[in-house]
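Following the hints, put chains B, C and D in place on chain A, whose structure we already have.
Listed below, chain by chain, are the residues.
4 protein chains.
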Amino acid sequence: MNFLSDTTAPAHPDLIEAIAAANRDFAPSYGADPVSARVEAQLKAIFETDLKVLFAVSGTASNALALSVLCPSHGAILCHDEAHIHRDERGAPEFFTGGGKLIPLPGDHAKIGMDGLERALAEIPEGFVHTSPVRVLSLSNLSESGTAYTPSEVRERAGRVKDRPALVHMDGARFANALVTLGCSPAELTWKAGVNALCFGATKNGALGAEAVILFPSVMDRFEELQARQKRAGHMAPKMRFMAAQFEAWLRDDLWLDLARTANARAKTLADGFRCVDGAEVLHPVDGNEIFVRLDEAIAAKMRDAGAQFYQWPDGSARFVTSWCTTKAEIVATLAAI
Amino acid sequence: MNFLSDTTAPAHPDLIEAIAAANRDFAPSYGADPVSARVEAQLKAIFETDLKVLFAVSGTASNALALSVLCPSHGAILCHDEAHIHRDERGAPEFFTGGGKLIPLPGDHAKIGMDGLERALAEIPEGFVHTSPVRVLSLSNLSESGTAYTPSEVRERAGRVKDRPALVHMDGARFANALVTLGCSPAELTWKAGVNALCFGATKNGALGAEAVILFPSVMDRFEELQARQKRAGHMAPKMRFMAAQFEAWLRDDLWLDLARTANARAKTLADGFRCVDGAEVLHPVDGNEIFVRLDEAIAAKMRDAGAQFYQWPDGSARFVTSWCTTKAEIVATLAAI
Amino acid sequence: MNFLSDTTAPAHPDLIEAIAAANRDFAPSYGADPVSARVEAQLKAIFETDLKVLFAVSGTASNALALSVLCPSHGAILCHDEAHIHRDERGAPEFFTGGGKLIPLPGDHAKIGMDGLERALAEIPEGFVHTSPVRVLSLSNLSESGTAYTPSEVRERAGRVKDRPALVHMDGARFANALVTLGCSPAELTWKAGVNALCFGATKNGALGAEAVILFPSVMDRFEELQARQKRAGHMAPKMRFMAAQFEAWLRDDLWLDLARTANARAKTLADGFRCVDGAEVLHPVDGNEIFVRLDEAIAAKMRDAGAQFYQWPDGSARFVTSWCTTKAEIVATLAAI
Amino acid sequence: MNFLSDTTAPAHPDLIEAIAAANRDFAPSYGADPVSARVEAQLKAIFETDLKVLFAVSGTASNALALSVLCPSHGAILCHDEAHIHRDERGAPEFFTGGGKLIPLPGDHAKIGMDGLERALAEIPEGFVHTSPVRVLSLSNLSESGTAYTPSEVRERAGRVKDRPALVHMDGARFANALVTLGCSPAELTWKAGVNALCFGATKNGALGAEAVILFPSVMDRFEELQARQKRAGHMAPKMRFMAAQFEAWLRDDLWLDLARTANARAKTLADGFRCVDGAEVLHPVDGNEIFVRLDEAIAAKMRDAGAQFYQWPDGSARFVTSWCTTKAEIVATLAAI
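Protein chains in written order, with the working numbering: chain A, 156 to 493; chain B, 156 to 493; chain C, 156 to 493; chain D, 156 to 493.
Bound conformation, chain A alone (with noise of 0.2 Å):
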């Protein structure tokens, strides 16, 4: 019963096996090779439009090289002060950008509020040299809290940016989690809402390593730079094909929907359970597979003492997190422990 986080979880058995197809023969390396390209196929057929595509070990690697191409060095980065690029990433933004600053917005349940995000752009002159000008909106999608953003959401935030010029990016380390929930196409959700830049992962969802930075048209012109920014980060894997594999089985049949599905349906089940306990207060929204659940420290023990693992957030809150591979049985006897 370990809900400390959706990255303890193993991967699914289908990506091994594609792992284990991939190693087949000699392939050419860095990500010329013919996996690679065949999920830029499946990914443009998902999303319904071109897009340039590339691979990365880490959330926080395609964040960082995301927001590098496209915030310069000397502008500001406009995100939640709970947003994992602000809090968690122990400056990778700053270090990729070489000096972007990141701005803390406020907003209920880890979402960028409309009125913040209209105090910073008041605050925050354009074309005044001493201040670094907002050049990208960065919204996290699930957020920080799980909640998710709608599409209408998304495009009312970045419409409010467009014209500083900034550019958007969504940090998608669960997006398929929010994708399920809303019912929205990926296309809705992104690129027709204003995005720019997907960050879109599939390591929390069921594989072993592996996110893609996604440019969509309005931004692939800067597809060089982010293939030369990947290469001196050290995240052109020698023998890529090994992540590419992991995202082919992922997308395969819907896969990685699937799987989505069930991490957000566990997670339902169990806020479900928490609601009907006195002693227990979910806190936001349960948009994914995330629940933040104010906890009596009775119930606390009682869950540990039965074996449930959860980690103590920083607001005093529980965190649980489901993962593809939660069973019901799970939270059945977690919530038999309450």
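I should point out that these hints are in silico values taken from the structure, not numbers from a laboratory. No experiment lies behind these values; they were computed from the predicted model shown. We put the CB at the ideal spot given by N, CA and C, even for glycine. Treat the hints with caution; some may be incorrect.
[Stated by the list, open to error] Chain C residues, not near chain B, derived (Cβ > 10 Å throughout):
no., residue
1, Arg179
2, Ala192
3, Ala265
4, Gly271
5, Leu276
6, Ala435
7, Gly462
8, Gly471
9, Val487
[Stated by the list, open to error] Per the computed footprint, the stretches of chain D lying under chain B, defined by three or more beta-carbons under 8 Å from a beta-carbon of chain B, are:
no., region
10, 243-249
11, 256-266
12, 283-289
What follows is chains B, C and D alone, placed relative to chain A:
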């Protein structure tokens, strides 16, 4: 008959199996897993010393990470003019060190010559605020020409810079290949000869994608900084166990040495064959799995017609790289073509 | 009647004369001149301690240089949300530190409040590899709202972060203005209160362009690195004697304190005048030479018509900055207009 | 008899007077002052073209700023192995470009030879993601050996790299000295010969501390980025008028050319003297105000005894630098000593 690079070769099946085995159940993320701990123990035994280790997905990453904790941003790194860190990493060392300076040195067969080293040390003053002082000496073993530094050659060069004070980095992307040819112990070729940090590569010798940065006791106090830099460079893979598992299988029962011996033996046979052919001139000692040979165009054409793939090197020679899975039959067929 | 900024004011004539005097004959370059040495001695006397000092041409430079030896590239700097280093230096701290992270904190009158400081310290873990740890606390004295931290306020904030461990930086672009209001000694306001490094500004208070970075004994061992960074940032002026000469004249016979006293007195008179006027609301304590006042548009218009120049601040208030050469007559004329 | 460096010389009195004159009254800060605007007009007339200009306090700053808008962080800069940007700026170009790579080239008398340039271009591939592509050619005029590139030599080298595509930077710390020897126009030696950006130095030739970064029309669209980088590097001096005032006086009535002619004439006399002496060998053409001469120790000792100060160069020669205020009497006395 693919001699393009050892990065185009498949991984050894044992490593795929090890990944599948590591995929059972949940495991702590970011390197806190038990497999990573076991690999550290293996490495301590192999190198006969205490040490600290972390993993990265590419040689460029491991070199740049290691250099970034050895060299301050205002220091200089001495390396051979043909070194991978200087020619083939798109400025990764400069990026990771925050603007450190690479000083390319001459030397036969891509090994830093003592003359060039002495001249550089004479020309670069110490304690002169205008000039980046020498803080690192980087040795590639195997070198970019496929030649090996002996332990005494390493010791001689390391000893020459110790009082700068400078530290010694070894780019061991093909460390195993050098080691089995030299017949010395891993300790003798590294820390006993004055090496402070080793980038120990598995990818070119049978892994899917796994490189280790090893800090020997003299610089082990920099490990915490190394981890911080690994994280902010996006190289702290969430499911690190899959990189560790590759190393565990690769190091077990001397598999890594066996694979290198096979690759080296194939290279030796091929080089011996070239040496018997008019119109083929082997340019450097073949100390590992790389051969650089100047070929008459007629001969090169025959080999290509026979299906042999190899790179044209910038100096006009042809480069042949053998790997753990190059077969005797492929060597025979290649030589038969000429 | 120019109240736009103290950077628009001329320099004090004594400093021009000092430059002319320093221009006689040859002198060693890059800070090895005798004037620079004499200024160091003056500063040791004024601050009643050993210290190391170097000069820079702007406050942005001196802040960023100081921060770059206090904060590692993977660390975080706590500052007020309105701090100059966060709002008005175009990402200079991020650039000079190699990607360090600024964490903006709240607090009335542009002074970091203890509540906000406590919350940040609670939220930012120590020893967690994913999060940039707190390594510097930066205090602006005067603050961006023209208010002063007292020695005990400095000590309280500095004491709170010492065990992180974090160092304390003071942005003293208007240090003299704070000092003469507080009536304490330079030592009491800095190293005795826990400040490790002071950026001591002269430009806004009578110099042509001269700022000093002062390292107190607790961090004096970083001076060699500071010089290296000064050089590679292009701030080691070849003819440094001309910057030193400004400081020498400015510090001689308490000229620097007299100039600050004059500027502060003018500000006080102006603020007192505003306080007697309906339609004018002084927003912050006037602890130095800056007044932020909310003005009815009618009043503002009258003042502009009378020839008074001042900035519209982002919060809607009007900022008036007095300088060493603001005259009583100008204050009278400005107030007479309303 | 100080021949150590032209940076140890005093400034020309006209520039001190200009500073005093600029000190009357208030003036807009950060380069928006009327003096700065007048200097831009002067420079347009002198260079017979439209251009954009900003000022910096040191040659290291102006070189690094210029290079940072010419070279992406993942590009390479070709320069002579002895270039100031490579040997004497503590890694400033690497720092400002965010990790750009300097490739040192050979060539007699510290001028890049066409052979070395051709070899570098042949060795450094274009469009190969692993290798930093050539994006800038940097020429020092005067070179570090005191020699000058003629307009046709500049044109030949610039023409060779234009199609990379690469831009041409000229380090003109002693541009005036080269110019008066060559007898060509400023335009002929720069943009007409293919130079895109010039670092135009006044400090070594009579200023207190004033360097100009000039963008010619081909790269004028990068001026906004240059200003942003000037600001975040701390080189946007608040009271910029004092730097501009130096340039205005220096450029007026060809003072800058007269000063350079004087310095060059002194150097010529001294070099001619050396050429008549046994035991003194002048090593390079004396195209400006620098002489490199191999001296018998007995001769060197006599000169030192007579009060002549000069540097021992790393190559074992003695460097004599004359300045605008070196007198004929000093030259006579120096030669008389031997």
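Next item on the list: Hint by hint, work out which the structure violates, then give me just those numbers in ascending order.
Entry: none
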